[in-house]
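Following the hints, put chain F in place on chain P, whose structure we already have.
Note that the protein sequences, when read in sequence, are chains P and F.
Sequential numbering from 1099 applies to the first sequence in the working numbering.
Sequential numbering from 207 applies to the second sequence in the working numbering.
Don't take every hint at face value.
Restraint ranges, calculated between C-beta atoms of paired labels, are given here [said to hold, decoys possible]:
| # | chain 1 | residue 1 | chain 2 | residue 2 | range |
| --- | --- | --- | --- | --- | --- |
| 1 | P | Gly-1286 | F | Ala-290 | 27 to 37 Å |
| 2 | P | Val-1160 | F | Leu-218 | 49 to 59 Å |
| 3 | P | Arg-1231 | F | Ala-514 | 21 to 31 Å |
I should point out that these hints are in silico values taken from the structure, not numbers from a laboratory.
All C-beta atoms in this analysis are idealised placements derived from N, C-alpha and C, irrespective of residue type, glycine included.
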Amino acid sequence: MALLEVDQVAAGYVEGIDILAGISLRVEAGSVTGIIGPNGAGKSTLLKTIFGFLHPREGRIVHDGREIQRAAPHEIKRLGVSYVPQGANVFAQLTVQENLLLGAWVERGDRGRVGQMLERAYATFPRLREKRRHRATSLSGGEAKMLSLAKELVTDPKLLLVDEPSAGLAPRISTEVYARLVEARARGVTILLVDQNITKAVEVSDYLYVIEGGQVRRQGPQADFADHLRELIRDSLLGA
Amino acid sequence: MAGLLRRLGLCLVAYAALAWVPLVTSEYHTHILVISLYYVILAVGWNLLAGYTGQFSLAHHTFAGIGAYTSALLVQRAGIPILAGVVAGAVAAAAVGYGLGSLCLRMRAIYLALATWAFAESVRLLVTVEYQITRGDLGLAAPLLFGTPRATPYYYLFLGLALGALLVAWQIVHSRIGAYLRAIRDDEEAAATMGVDTFRWKRFAFVVSAVFAAVAGAFQGHYIGLLSPTPMKFNEMATVIIMVISGGLRTFAGPALGAVFIELLSELLRRWGEIRMVLFALLVIAVIRLYPAGLVGLLRAAGARIGARLPALAPLLGVRRPAD
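For reference, chain P alone in the conformation it holds in the complex (with noise of 0.2 Å):
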C-alpha cells in the first residue's frame, strides 16, 4: 500500500509559474524512494510541496490515507511527516539536546518516552550525548548534519523526506548520513529520499523517479535503474 501519494500536483512558487506541472508518484511503506534529476527540475520543491509549506495549485497529496495538501507543516509534523531540508538544520542557539527535545515534546508524549526518544537517539549518535550541552553553534558542519537528521529521526516518523543528505558533506560523513538512513528503514521509516548523488541515490532506494521540468520522465525498481547507471549519470551532466 502507498503510504504517500501525490496525485497531479501543479504548484510553483508565483502565479503563473509551475515548478511542479502535474507530477505524480506514490511511496510505499516501508520502502525508500529516491527522486533524481537535473538541477531546478522540482525535487526540492516537491518536498516542500508534500510538507505544506507550498500549497498546490491543484492535485492531491495523500499521507496514510488523509489529504494533506491544505496542511500546515506543523499539522503535517503531527501526522507522522518528517523533513531533512537541505544542509544542516539546526537551531543554533539552542543547544544540542534542546535541538533534540524540541521534536520529542512536539509529540506530547509522556515524559518517560520522551527520555527514551533521547536515550535512542543518543545511542544512534553518540557523538551528540558527548555535546549534549553545548550549543548547536559549537558543532562542526559533520555533527550539525547529523544532529538535524537526528532531530527528525527521534520521533521515529512514518515518513521522511530527506533533501540531499550528502550535500557539502565530506565523504565519510556522507557515507555515515546514507547509512543511518538506511538503519532508519530497517526501523520501518518509509523515506522519501531527493538527491544529486545520483550513485547513492541508487545504491539505497527500492524504487526511483527521475523528475525534469515538474514531471516524472521516467520510473521503475532499482534493478532498472542500477543497470544503467553510466547512461543516467551521463544524461544527467549534459542535461538530457
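Relative to chain P, chain F alone:
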C-alpha cells in the same frame, strides 16, 4: 519543581536584600527607583518578545497605556476596586494583544514593526481625541493605590512586581515553550519543520509581553495618579528599546540592568533636557559596536577576568547557562 522553589526563594532573598533602600534614600530617589522598577517590567516583557522570540513589536508602551487607562476608567466610572481594575487592564491588553498579534504576526520583521507602530500611534491619537472618555491631554485622574503619593509603599509593590516578572520570564524561557520561542527566533521555517506551531507561540509571546506591560502600566497609573497620552508617544518605546539593548538583548538579566541603568542615567542627565535622547542614541550605537551583549556582556567579561586572576571566585562569577 525544586528549581522553581529555589528561584522563588532567590526572589524572596533579593526582595529582602533590597527592602532597606527606601529607608536610606530620599523621597525623590525612591521615586526614581519605583520608575526604574516599572521600566524593568516593561523591558523584561519586551525582551521576551523581541529578544527571545525575535518579534520586534513597537507597541509595547501602548499596552502599558491600555492597561493604565482601562484600569483607571473602570475604577473611576464603575467603582470597582483598584486591584480588579488592574486585572481588567491586563485582560484588556491580552485581548487586544491577541487580536493585534493575530493580524500582524504573520508579517516578517520590518512589516511587523511598521504595523505595530501604526497601531501604537492610532491608539495614542484615539486616546487624545476621545477626550469625553479619556479627557485627552487634560489628563485622567487615577485613584491612588495606597491613598498616598509617597513613593515608599510603591517601591515595595514594584520591587515585588519586577522580581515576579523576572521569575515568570525565567520560567517561560527555560521551559518547553521557551525552547519553541528561541527556535522561532533562530529560524522560523525550521521551527515549523519541527512541528512547532510558530504563529501560535509567537502570539503567545506577544500576549504575555502585553500583559507584563499592562500590569506595570496600570499600577504605575495608580501610583502617579494622572494619565495622559504623552507616555504613549514613540519616545517611550525608544526608551524601552534603549534599555534592553544597552543591558543586553537576549540576555536574561540585561533588560533589568539596562532599565535601572538608563533610568538613573536619564535622571542624572535631566538638566540637559532633550539632548538626553541624542546621548542615549550614541550610547546604543556604542554598545552595538563595542559590546553587543550590553552591560551583561561587560559584566561577564569582567567576571571572566577576575575569575582568571582569582580562581577561587570563578564558580561564583562564571555562572553561564545555555539559554542566557
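So, going through the hints one by one against the coordinates:
{"no.": "1", "hint": "Gly-1286/P - Ala-290/F: 27 to 37 Å", "in the structure": "violated, 57 Å"}
{"no.": "2", "hint": "Val-1160/P - Leu-218/F: 49 to 59 Å", "in the structure": "holds, 57 Å"}
{"no.": "3", "hint": "Arg-1231/P - Ala-514/F: 21 to 31 Å", "in the structure": "holds, 22 Å"}
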